[in-house]
Amino acid sequence: MLRRSMLHAMSGFAALAALPPAFGQNVRRRLTFSWPTNAGPLHPHLYSPNQMYAQSMLYEPLVRYVEGGKILPALATAWEMEEDGRAWRFTLRPGVRFTDGTPFDAAAAVANVNAVLGNRARHAWLELVNQIDGAEAIDPGTVRLRLKGPYYPALLELALPRPLRFVSPAALRPDGSIAAPVGTGPWVLAETAHGQHDRFRRNEQYWGEKPVLEEVLVRVLGDSNARALALESGEIDLTYGTDQLDADTFRRFAADPRFTTAISPPIGTRMLALNSARFPTDELAVREAIAQGIDRAALVRHILLDTEPAAETLFARNFPYTDLGLRAPAFDRAAATARLDAAGWRLPAGGRVRSKGGKELALDLCFIGADALQKAIGEAVQGDLARIGIAVRLVGEDASTYYGRQRSGEFGMIFGDSWGAPYDPHAFMSSMRAPSHADYQAQRGLPMKSEIDRRIGAVLSITEEARRAEEYRWLLTTLHEQAVYFPVSFFTNKVVHRPALGRVPFGDMRTDIPFDRIGRG
Amino acid sequence: MLGFALRRLATLLPLLLIVSFGFFAMLRLGRGDPALDYLRLAQIPPTDAALATARQQLGLDRPLLVQFLHWLGDALRGDLGASWFTGRPVTEEIALFLPATLQLAGTAMLVTILAGVPLGIWAAMNRDRWPDHLTRAITFLGVSVPNFWLGFLLVLLFAVTLGWLPAVGRDGPSSIILPALATAAMSASVMLRLVRASVLGVLGEPHLRFARARGLPARTLLGRHIVLNAMVPPLTAIGLHLGELMGGAMVVETVFGWPGLGRWALLAISNRDYPVLQGFVVVMTTVFVLCNLLVDLTYAWLDPRIRLERAA
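Sequence lines, in order, name chains A and B. Numbering of the first sequence is given in my numbering, commencing with residue 1 and proceeding in unit increments. Numbering of the second sequence is given in my numbering, commencing with residue 1001 and proceeding in unit increments.
These are calculated hints, taken from the structure and not from any lab test. Treat the hints with care, since some could be wrong.
[Said to hold, decoys possible] Covered stretches of chain B (chain A as the covering partner; in silico rule of three or more C-beta atoms under 8 angstroms from a C-beta of chain A):
#1 1079-1091
#2 1099-1111
#3 1156-1165
Note that the structure is predicted; figures quoted are calculated from it, not measured. Note that CB positions come from ideal geometry on N, CA and C, so glycine has one too.
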C-alpha cells in the first residue's frame, strides 16, 4: 500500500517535471517592483518628474538601440539617409495603433515632432533637436525628417527614451501638454497613487510580442535597505538598476540560494576628472603619477565588491568606436614616485607631502557628502596618494554645491559619470564642449583643448564610417594620454529576483527596464 | 478659557512669520545656488543662459526681503508655490501626504499612552522589584535604539522571518503596526519613566496616607487618588512627544515606505526643493503650536487650580 502511494507520488512529480516551465515554475503574471518616486505624469517629450523607465514602457521610438550601438526597427520598419545625411526617410510600421485606438501614422509622427520642435529651447541639450529643420508626411506610411546638416548620431538620438517618442495626437494639446499618457508601447498606465505606487497593465492590443506579465505594480520605495527587506519578505519581486541595492547587499543576495542574481555588461563609466587648469593637476606628470598611484583593482574588489568591472578607459569596449586597445598604466607605486621625483616634486626631510618651488603637492577631491560610495572611494584614493606624497583634501558637500563646483571648475579632482548607452560616446563627448560641464572644466588646461572641441564638433557631422572611427580614435587616445580622467569602474545593472519570476534580461539602455521581456524564453 | 485659547492662537501668526522668514533666509543664504538646484531638478542643462532665465523666473535676482514678501503674499492667498521636482502645487502635496503622517503620529501617540501609562504605574507600584527593573531595562533600550534601526529590526523579525506583518507600504490596518511601534518606542519609554516618577511622587503625599487610613479600597485609591493626580505632568509632556513623533516619523516613513509628509520632506531635503521645504516648515510649525495649545487647554481643564490661576 505504502509502495503504491509512493509510486503514485513519483509519477505525479514526473508529470509535473514534463510540463512546460511556465507551469512547473509557476511563472508570475504580476510583478511588483519599486522605485524612489512615482512615475510622473508620463509626458513622452518632457523631463522631471517623468521617470524614464516608465516613459519607455508606454512610448516607443522610430528605431531602437541595442548594445554596441546597433540600430533596429521599432515604429519604423525601414529608413534611408537622403541628401548626404541632410534628411532621413522612415517607413512606418503598418497597423500600429495608440492605446486609445488612434492609428500611428505619418500625421501622428509629424504632430509629435512638431510638438518637440515647438519647445526647442527646452530640448537644446540634445543636438538632434537643434539639427531638425522639420518633419513632413510623404504619405500615411512614410515620414521624412529634414536636418540642417549631416548629423551621424540622428538614429541613436531618435532611440532615446525622450523626447522623440510618440503620444496619441488625440491626447496632444496645442500647447504641447497631454490630456492623458497614451502611447503605442507594451504597457498602459492603469493607476497612480501618489507616494504609494503606479500600476501598469499589459497593452492587449500591442502590435509586437505581448509581455508575459499582465501587470507591473511599482511601489514608491526610496531606501535601499527597506527595498532589500521588502524583497526578502516577498513584497517586491525584483530589484533592477545601478544602485537599487548597495554592493554589500547585492553580494548577500548572490550568496542566498533563494534568489537569482545577475550583473549586466558595462552600461557607463564611474570616474574621477582631474582638473588640468588648476594647480597641481595642471602638470601632466602629476596626473600621470595619480593614474599610476591609485590601486584601481583594490577599489573595485574591496569597495565595489566586484559588482562592477575595473575601468581602464573612458568608455567600455561595448560602446561604438571605443574598442581601441587602450590600457591604463598599471598600478605601480614605485613608478609613480619616480615620476614625481623626475618632475621635481621632492619629499622634504621627515615630511609626508611633496613640494616644488615652495608649493605643496596638495589637491581637493570633491564629492557629495551624503554619497557613501563616493566617500569610501575618496578615502581609498586619499590613502593611496598619501603614500606617494600627494595630499588629498576630501571635500564632501551637498549635491548643489558639488554640481556648482563641476560647473565652475573649483576642484582638483571630482567624481563624474558618463551618460551610458546610447549617449556614450557621442553625446557625452559633445557635452565636453560646454563650459557648464565638469569635463570642459577638467580639460580646459590641456594645450590641445580647442582642437579637441573642434574635432568633437566635426565628428558629429561625418557620415563616412571609417573617417568617423579615425576621429574618435584621435579624441579618445588624446584624452587617455593626457590622463585627465581616472576611470574607476564601469557601471552595471544589477538584478535580484526569485527564480519563479523566470528569465529577467537586461535592457540595452541604462534607463530601460525590460518588463516586457521578463519571463520569456 | 476661550480668551486663553484665542490669545494663544493670536501668537501663532507672528511665530509663523518669524519661522518662515528665518527659514526662507537660511535656505537662500547658505552655500549653493537655488537656480542651479532648480535646473538640476527640472533636468535642464545649467547653461549660463538657462541659469539667468531661472534666476529671473524664480525672482532670485531680487533682494531677499522682496523675495520673501512675494512668497508671503502668495502664501496668504493659500499658494505655497509649486515643487521644483514634481511641478505640483505644494498645498496639494501637503493635503495628499499630511493625513498619512497624522495617522502614523496619532497611532504612535496611542501606543505611547497605552504602553507608557500602565507600565509606568506598574513600575511605580512595584518600586525596586522585578517589574520596575524590567521596565527600566525596556526604557533604557527604547531611548537608546535609533528609531530607523529599530524599524529595520522589526521588519526583519515580523515581516521577513515570521511573515506576520507587511514590511512596507500603507495597504491596510496591519501595515501601520510596525511603523507605529518604531515611531513610538522612544516616546513610550520617556512616558513610562515620567508616569513612574509622577506616581511615586503622589504615593508619598499626605492625602493618600489619609485616604488609606479611611480604609478606601485599593482600586479606588489607584483610580481616583493616584492615577488622576499623577496624570497632569505626563499630559503636558504629550505636546513634546508629538514633536518627537512627527520628527521620528520623518525617518521611519522612509524605512517603511509610508507615504507621509516626513518622507516627502526628506526627499525635498536631498533634492533641495525649496518651495516644498518652506511649505513643510510652515505646516509643521502650525501643527506644533496647535498641539501644544490643545495640551494646554486639556491641562487647564483637568486641573482646576490652573484654570483659577489664569482667570486671576
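**Prompt:** Within the region 1156-1165 of chain B, is the number of residues with a Cβ closer than 8 angstroms to a Cβ of chain A three or more?
**Reply:** Answer holds; 4 residues pass the 8 angstroms Cβ test.
**Request:** Three residues minimum, CB to CB under 8 angstroms: does the region 1099-1111 of chain B make the cut for coverage by chain A? Let me know.
**Result:** Answer violated; 1 residues pass the 8 angstroms Cβ test.
**Message:** Is the listed coverage of the region 1079-1091 of chain B by chain A valid when you require three or more residues with a beta carbon under 8 angstroms from a beta carbon of that chain?
**Reply:** Three-residue rule met by the region 1079-1091 of chain B, so holds; n is 3.
Hint violations for this structure: number 2 only, all remaining hints satisfied.
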